[in-house]
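Q: Residues per chain are reported as follows:
Protein chains: 2
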Amino acid sequence: MPELRKDPITQRWVIISTDRAKRPSDFSTSRVEIRGNGICPFCYGNESKTPPEIIAYGGNGRAPNTPGWNVRVVPNKFPALGIEGSLDRQGVGLFDRMNGIGAHEVIIETPDHQSTLATLPHDRFEQVLWAYRDRMNDLKNDHRFRYILVFKNHGEAAGASIEHTHSQLIALAIVPKQVSEEEENARRYFSQKERCIFCDIVRQECAEGSRLVAENEHCVALAPYAPRFPFETWVLPKQHGSAFENEPAAVVSSLADMMRNMLRRLDSVLDHPPYNYVLHTSPVGEERNDHYHWHIEMMPTLTKVAGFEWGTGFYINPTPPEESARFLREAES
Amino acid sequence: MPELRKDPITQRWVIISTDRAKRPSDFSTSRVEIRGNGICPFCYGNESKTPPEIIAYGGNGRAPNTPGWNVRVVPNKFPALGIEGSLDRQGVGLFDRMNGIGAHEVIIETPDHQSTLATLPHDRFEQVLWAYRDRMNDLKNDHRFRYILVFKNHGEAAGASIEHTHSQLIALAIVPKQVSEEEENARRYFSQKERCIFCDIVRQECAEGSRLVAENEHCVALAPYAPRFPFETWVLPKQHGSAFENEPAAVVSSLADMMRNMLRRLDSVLDHPPYNYVLHTSPVGEERNDHYHWHIEMMPTLTKVAGFEWGTGFYINPTPPEESARFLREAES
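As you go down the protein sequences, you meet chains A and B in turn. The numbering of the first sequence is the working numbering, which starts it at 329 and goes up by one. The numbering of the second sequence is the working numbering, which starts it at 329 and goes up by one.
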């Protein structure tokens, strides 16, 4: 008998197939291969092929837009949103529109075309997280922005159009629906219980254990109770933290360790799958609160989202999270 | 400057790229080809390879599960939900679960393996819609069900695992989030204005014209103001109707004509793209109301949904609906 499970944070139901649960080898996903053909705008020597850099780490005394960097952040050459102008909110008959104002940046995680994020050494991984943090804190000075989302598409099947490993950041003039739903539900829970729902989940999962993948000093990785996707994995801080970008260095270091560990386990269990991850933090201006708990959602691209999902907003997941957690727990990291 | 637009029904924002709008030839979508390899469980003579049929049309005097039918409805051999048992709602610590009770059926739209829904003659298309309707009305007698969703995945990239043209139906014990959001927002609009929001949209779009694709006696096809996907197209009845399954024969006939017309235009403009469509009707037991208006949402599979969409719940659409409507308006049907 399949099971319907409800995610307590988003209130989203998912169908979990329990009878014929899919194991890692049942997915016909395409292994992400780095081909290295052609000229790559994210490699050393091609710095002029991107818009001028915003920040870069590494290469003491190096001139901007020259080789020698470890992590480099540039505006997206084909941005989804434009940085210049005012919002100009308008009604158009029944409808509402505004100018597509926002920042769209690319975090080039390493100059090495052959690396993936999972194969970076710990300290270089940590630098990527510091780049996220620095850019988030800088963009908050722009008062047009209400939310800053960091995300990563790895592999063509997961939407990456350039194979050289990179993350993206989008600053938005609105709080996106997905986040505001999480935030509203977390606020409602807090107003009833005076506890953070994420903290409660972390406590329950650590005690119960069947969906727990790994723990380190400050972070925990778990398969959520009602995941949309097979092998979906969340990384959260163990102590309540409402905004990633305000965490102390020790937590960032723990997070780098845990994310790297999870990406390596996913590579090992699923043979280098395409994946997405997103960083959910509190909206701009609401960074200090007791109800919302920042976290990373990692989603390997194993299934196709089709008519049923588009029509309902709920998901059919062929791998129970207890199974995916077990595979990931037993994997090499 | 890109534009942010808000869908008035779901309150979902989308980013519409207006500068470098993608034209049909800019999408590297894979044309759906019918290969016809191997033994197909949906072809004549293989009726025993599916679970026993629930209903079939055509073939007067034919024995069940033998050739001669025009449309055949069978239980899904690998159902996402189980039909037997009780819901057994439970709490598991913080979490909520219930048994995955539901019906999951397949509507085989034609015995002809080489046909697509778009190439069926009008009267055969109409029979497919009658099969939807009959199954919906029958499943409503099962008091465990609160929503019945009909959807179609066409082509492998759109999630179809069998190439022989077919639709699917899922009966659910809960109203899916997507529908309940539409329904709640439509109810709120009605309580403010005493008008159906969908009726208002149809009126405005017919008068304004830039997103209108086609009209016939009872139906209209349009590109919504804030579509998630390029070339997303909605078909709606012009007169208020809250439940598809209660419409009179004239409307069903008009709908068959309009859907067929749209699928042929999509084939012509986008060279036989993979696509999904979903039928949104009122929840079971709330069929007669003034605020919700049934409709079909058609979505060709042209773009990849990636980290940004999963993280935000909003969408980047590279083709303004005014452009897609113009292409579809000018296409052969």
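Treat each hint with caution, since some may be false.
Identical chains blur together in the list; that is why a pair holds if it fits in one copy or across any two.
Distance condition first, Cα-Cα at most 30 Å in a straight line; then the derived DSSO-like pairs of lysine-lysine [unchecked claim]:
#1 Lys334 with Lys377
#2 Lys350 with Lys334
#3 Lys505 with Lys632
#4 Lys468 with Lys566
#5 Lys566 with Lys405
#6 Lys377 with Lys566
#7 Lys350 with Lys632
The set of hints was computed from the structure by calculation and includes no laboratory data.
Q: Next, verify each hint and record whether it holds.
A: Verification of the supplied hints:
1. Taking the shortest Cα distances, Lys334 and Lys377 never come within 30 Å of each other, neither inside one copy (46 Å) nor across copies (35 Å).
2. Within a single copy, Lys350 and Lys334 get their C-alpha atoms as close as 20 Å, which meets the 30 Å cut-off; across copies the closest is 38 Å, which misses it.
3. For a Cα distance limit of 30 Å, the shortest separation of Lys505 from Lys632 qualifies both inside one copy, at 22 Å, and across copies, at 19 Å.
4. In this homomeric assembly, Lys468 and Lys566 come within 30 Å of each other (Cα to Cα) only inside a single copy, at 25 Å, whereas the closest approach across copies is 46 Å.
5. In this homomeric assembly, Lys566 and Lys405 never come within 30 Å of each other (Cα to Cα): the closest approach is 37 Å inside a single copy and 43 Å across copies.
6. In the homo-oligomer, the alpha carbons of Lys377 and Lys566 never lie at most 30 Å apart, since the shortest distance is 41 Å inside one protomer and 52 Å across protomers.
7. Taking identical chains as interchangeable, the C-alpha atoms of Lys350 and Lys632 lie at most 30 Å apart whether they share a chain (14 Å) or sit on different chains (23 Å).
When the structure is compared with the earlier hints, violations turn up for hints 1, 5, 6 and for no others.
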